[in-house]
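Undergrad: The sequence shown lines up with residues 1 to 467 when you count with our numbering.
Fair warning: there could be bad hints in the mix.
[Claimed, not checked] Result set (DSSO-like, lysine-lysine): computed pairs, CA atoms no more than 27 Å apart in a straight line: (1) Lys95 x Lys363; (2) Lys88 x Lys217; (3) Lys363 x Lys242; (4) Lys241 x Lys446; (5) Lys242 x Lys431; (6) Lys86 x Lys398; (7) Lys435 x Lys446; (8) Lys95 x Lys242; (9) Lys446 x Lys363; (10) Lys192 x Lys398; (11) Lys434 x Lys446; (12) Lys434 x Lys363; (13) Lys435 x Lys363; (14) Lys434 x Lys241; (15) Lys393 x Lys434; (16) Lys241 x Lys431; (17) Lys95 x Lys22; (18) Lys88 x Lys431; (19) Lys363 x Lys239; (20) Lys86 x Lys22; (21) Lys86 x Lys242; (22) Lys363 x Lys22; (23) Lys242 x Lys446; (24) Lys239 x Lys398; (25) Lys239 x Lys434; (26) Lys241 x Lys363; (27) Lys239 x Lys217; (28) Lys217 x Lys22; (29) Lys241 x Lys86; (30) Lys217 x Lys446; (31) Lys241 x Lys88; (32) Lys242 x Lys434; (33) Lys431 x Lys239.
[As the list claims (entries may be wrong)] Computed spacing ranges between beta-carbons, pair by pair: (34) Gly396 x Pro332: 19 to 29 Å; (35) Lys242 x Leu334: 15 to 25 Å; (36) Arg156 x Tyr240: 19 to 29 Å; (37) Pro295 x Ser116: 44 to 54 Å; (38) Tyr240 x Pro332: 26 to 36 Å.
These are calculated hints, taken from the structure and not from any lab test. We put the CB at the ideal spot given by N, CA and C, even for glycine.
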Amino acid sequence: MFRISPDSQFRLIYGWQDERQKGRTIILINTLLIGVYNVFITGIFYTGFLSMYGIDLVGVGIVTFINPLANCFILFSPVVLERIQKRKNILLISKIFYYFMVIIATNIMPLFVTSSQGRIFWFCLLQFLASAVYALFNSGLTSWFYNFYPQHRILRTNFISYNQIFGSIITSVVTILSGVLATAVQNPSVQKNIILGMRYLAFVLVLVDVYFQAQAKEYPYPVQAGKMRVRDVFILPMKYKKFMGNMLIMFAWNYLANLNNGLWHYYLLTSVGFNYSTITFAAGLYGLCVLLTTPLWRRILYRLSWLRTFAFSVLLLVPLEVAFFFVTARTPWLYLPLAVLFHIASVGVNLSYANVLYLNLPKENSTTHVCFQAVFCNVCAFLGLMSGTLWCKLFGEKTVIYLWGFPTTAVQYTTLFRAVGLLILGVVVYKNWKKLTPDAELELLKQKGCGYSTGKEKIIKEKSETD
Numbered sequence: 001m002f003r004i005s006p007d008s009q010f011r012l013i014y015g016w017q018d019e020r021q022k023g024r025t026i027i028l029i030n031t032l033l034i035g036v037y038n039v040f041i042t043g044i045f046y047t048g049f050l051s052m053y054g055i056d057l058v059g060v061g062i063v064t065f066i067n068p069l070a071n072c073f074i075l076f077s078p079v080v081l082e083r084i085q086k087r088k089n090i091l092l093i094s095k096i097f098y099y100f101m102v103i104i105a106t107n108i109m110p111l112f113v114t115s116s117q118g119r120i121f122w123f124c125l126l127q128f129l130a131s132a133v134y135a136l137f138n139s140g141l142t143s144w145f146y147n148f149y150p151q152h153r154i155l156r157t158n159f160i161s162y163n164q165i166f167g168s169i170i171t172s173v174v175t176i177l178s179g180v181l182a183t184a185v186q187n188p189s190v191q192k193n194i195i196l197g198m199r200y201l202a203f204v205l206v207l208v209d210v211y212f213q214a215q216a217k218e219y220p221y222p223v224q225a226g227k228m229r230v231r232d233v234f235i236l237p238m239k240y241k242k243f244m245g246n247m248l249i250m251f252a253w254n255y256l257a258n259l260n261n262g263l264w265h266y267y268l269l270t271s272v273g274f275n276y277s278t279i280t281f282a283a284g285l286y287g288l289c290v291l292l293t294t295p296l297w298r299r300i301l302y303r304l305s306w307l308r309t310f311a312f313s314v315l316l317l318v319p320l321e322v323a324f325f326f327v328t329a330r331t332p333w334l335y336l337p338l339a340v341l342f343h344i345a346s347v348g349v350n351l352s353y354a355n356v357l358y359l360n361l362p363k364e365n366s367t368t369h370v371c372f373q374a375v376f377c378n379v380c381a382f383l384g385l386m387s388g389t390l391w392c393k394l395f396g397e398k399t400v401i402y403l404w405g406f407p408t409t410a411v412q413y414t415t416l417f418r419a420v421g422l423l424i425l426g427v428v429v430y431k432n433w434k435k436l437t438p439d440a441e442l443e444l445l446k447q448k449g450c451g452y453s454t455g456k457e458k459i460i461k462e463k464s465e466t467d
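Can you make the complete structure from the sequences, with help from the hints?
TA: The structure is reproduced here in structure tokens:
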């Protein structure tokens, strides 16, 4: 009995000769490319893109919550996909269509529409059409590439963490460099062209991503016993108690994570007065935190299990959310140290959350269960975005309330709402983790150290049996 070196684990997971290893390598390439092109079309750069066309705080909120609303069309995905056994081409075409609409069409539209209200309408329409069509096929990508996930517990944990480490590093480097570039240019028109150019580059990288995904083998999909019905998306998951418990965790997290999504970056840019490089530098530090703290979080995960690790790391976020309430134009120095601490806790959240869907995912009708998860995660994300936007609308975008001489605005209060919600979520998950953990993992946890380190031959044997 001996430990497997990280180098041996890496070679067992990735490669190009074996189809399973090749598939996992393509997933890693996909993670790296997404880490680049998502920087240019989401987050601070998307908020900046909208604001440079005259979209205000409430408008940013409205445009942002269109995506999860349209994603609810994934409800019809099983009915569409069950009719197509060879799905690779249609899945990749739908992906190209989505990014063409949200990048190319969205970049061009403001040239023809000049009013801010008209632009909000068209931003929403283009986003809705792109997301609604892509939602019909996106779950097929999940089912396709899930075949390549390692079945062995150690290899799966390392596969997920390796992808997060490499993805976070590339995202951090690109985020920092692009932020510095956008800030260094003082001319607003040149800065605008840089942001547009980064979005066009993102579309080129999407095409490269699609090229690599097309190289992955497509395995046969399970044939449904009977005709698939839309109502099955709601009915079938109810039969699996542990799976439903995991889903409630994901629903709550998606609601809380999106309470001030988009709004917070707008607040930092316009109210606190940060420039692009400051915000992107803070965001870019996440990669460094992933690199330095993932080994620690892995050890915590092996000791505590997936759900206890999730609960523990979520509870760490609570005091940080409260502290973010005090970040204002008077206290900009608070932001960077809080961001670093937030990143450290987020590494644990993201590592453990990545496997919550798969912990008790039924093998039968897996596409249907993935669609159930996607539908309601998007509904909860939409409700979170709508709640935050509605709160800012009622409070007033420019309203400032002084508490003991301390200025507060609508967006700041969303951090307190998140803190309360995260506290409840963390406590509930921590108290119920055993009820929602697979029996096999509970058995491993009972065996002192067994399952955390194992012989190379045993891993290879289990790999050949499960792959």
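Undergrad: For each hint, tell me whether it holds in the structure or not.
TA: Verification of the hints:
no. : hint                        : verdict
1   : Lys95 x Lys363              : holds (25 Å)
2   : Lys88 x Lys217              : holds (9 Å)
3   : Lys363 x Lys242             : holds (14 Å)
4   : Lys241 x Lys446             : holds (23 Å)
5   : Lys242 x Lys431             : holds (15 Å)
6   : Lys86 x Lys398              : violated (53 Å)
7   : Lys435 x Lys446             : holds (15 Å)
8   : Lys95 x Lys242              : violated (32 Å)
9   : Lys446 x Lys363             : holds (25 Å)
10  : Lys192 x Lys398             : holds (25 Å)
11  : Lys434 x Lys446             : holds (12 Å)
12  : Lys434 x Lys363             : holds (21 Å)
13  : Lys435 x Lys363             : holds (20 Å)
14  : Lys434 x Lys241             : holds (13 Å)
15  : Lys393 x Lys434             : violated (41 Å)
16  : Lys241 x Lys431             : holds (16 Å)
17  : Lys95 x Lys22               : holds (21 Å)
18  : Lys88 x Lys431              : violated (42 Å)
19  : Lys363 x Lys239             : holds (13 Å)
20  : Lys86 x Lys22               : holds (19 Å)
21  : Lys86 x Lys242              : violated (31 Å)
22  : Lys363 x Lys22              : holds (23 Å)
23  : Lys242 x Lys446             : holds (20 Å)
24  : Lys239 x Lys398             : violated (49 Å)
25  : Lys239 x Lys434             : holds (19 Å)
26  : Lys241 x Lys363             : holds (15 Å)
27  : Lys239 x Lys217             : violated (32 Å)
28  : Lys217 x Lys22              : holds (9 Å)
29  : Lys241 x Lys86              : violated (32 Å)
30  : Lys217 x Lys446             : violated (38 Å)
31  : Lys241 x Lys88              : violated (32 Å)
32  : Lys242 x Lys434             : holds (10 Å)
33  : Lys431 x Lys239             : holds (23 Å)
34  : Gly396 x Pro332: 19 to 29 Å : holds (23 Å)
35  : Lys242 x Leu334: 15 to 25 Å : violated (41 Å)
36  : Arg156 x Tyr240: 19 to 29 Å : holds (20 Å)
37  : Pro295 x Ser116: 44 to 54 Å : holds (48 Å)
38  : Tyr240 x Pro332: 26 to 36 Å : violated (48 Å)
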